[in-house]
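Trainee: Residues per chain are reported as follows:
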Amino acid sequence: MLYERIKLESDEEILQVVRKHWWIITTRVLSAVVSMLMPLILFGTAQGLLSDYFDTTTVTTTYQIELWFIYLGWVLFHWIAIANFWTDHYLDLWAITNRRIVAIEQSGFFHRFLSSFRLERLQDMNISVKGIIPTLLNFGRIEAQTAGGSNEEFATNNMPDPRGLKALIIRAADERQRALGTQNPLNSDGTL
Amino acid sequence: MPTSSLALPFFTEATTSTVFLVLYIFLCLVFVGHWLVASYHWHTFGSERKISNLSITIYGVGGLLLLGTMGLLLFAL
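Those protein sequence lines, which keep their order, are chains A and B.
According to this note's numbering, the residues represented by the first sequence are 1 to 192, in order.
According to this note's numbering, the residues represented by the second sequence are 1001 to 1077, in order.
Don't take each hint at face value.
To be verified - Using 30 angstroms as the maximum straight-line C-alpha spacing, the simulated DSS-like pairs for lysine-lysine come out as follows:
| no. | chain 1 | residue 1 | chain 2 | residue 2 |
| --- | --- | --- | --- | --- |
| 1 | A | Lys-130 | B | Lys-1050 |
| 2 | A | Lys-166 | A | Lys-20 |
| 3 | A | Lys-7 | A | Lys-166 |
| 4 | A | Lys-7 | A | Lys-20 |
| 5 | A | Lys-20 | A | Lys-130 |
| 6 | B | Lys-1050 | A | Lys-20 |
| 7 | A | Lys-130 | A | Lys-166 |
| 8 | B | Lys-1050 | A | Lys-166 |
As the list claims (entries may be wrong) - Some chain A residues near chain B, calculated using beta-carbon distances under 10 angstroms:
| no. | residue |
| --- | --- |
| 9 | Ile-65 |
| 10 | Phe-69 |
| 11 | Ile-96 |
| 12 | Leu-168 |
| 13 | Leu-180 |
No lab work stands behind these hints: they were computed from the structure.
Ideal Cβ positions, reconstructed from N, Cα and C, are used throughout, including at glycine.
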């Protein structure tokens, strides 16, 4: 499983595991379901519209089995697409521990980007919530900038409760820096 | 060099049911391959074992139901 692969340190504990907001996976799955049902809707509509011109029931009864077979193939194709959406949602996450943040970006099965940074290296955190639905459902982009030889930036879109997440990370960074005896340039509310 | 013609009944007598059978086998292979890859990823990189196992089961059972129904339709052809 994931935690064996991340290899947590002896006294490292996971504070929170965050995945993208449920709205994202829901809209993707719903669009797949609508597309899945589309042939039935189109076929029903076409049957209603064309019934005046020619007898559509002859076609449907003659090729009933073939049509159902093709339709089930279409459904299977969407079922596979839904599994891909779930993979993106389930394996794309931020694991926030009391020592570091592990950010995993999964796109498809064979593109996996894993990055992590220690909380004492946290330099700056930005959040942005854009749009009506993200504002109403409270999700948005979160960026964490780290200090180092080269300034690195970790960013993920569509994270739930970005303000709460930012507060949690900054609190954890504060505690970490207190333990190490260094000073965090950010206040616990995220301001400088 | 002696030459001989090969009898390829599939290509010369491809009936509708044969075409559907080939399509069905192809879909079975695609699904099983995808299910195996997805299961590996969910099981290896997933954070909760319970959710991973549930995902693998739901995806597998759903796909098998669809392929099973398609197989039954194939018999009726």
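Trainee: Flag every earlier hint the structure violates by its number, smallest first.
Mentor: 1, 11, 12 and 13
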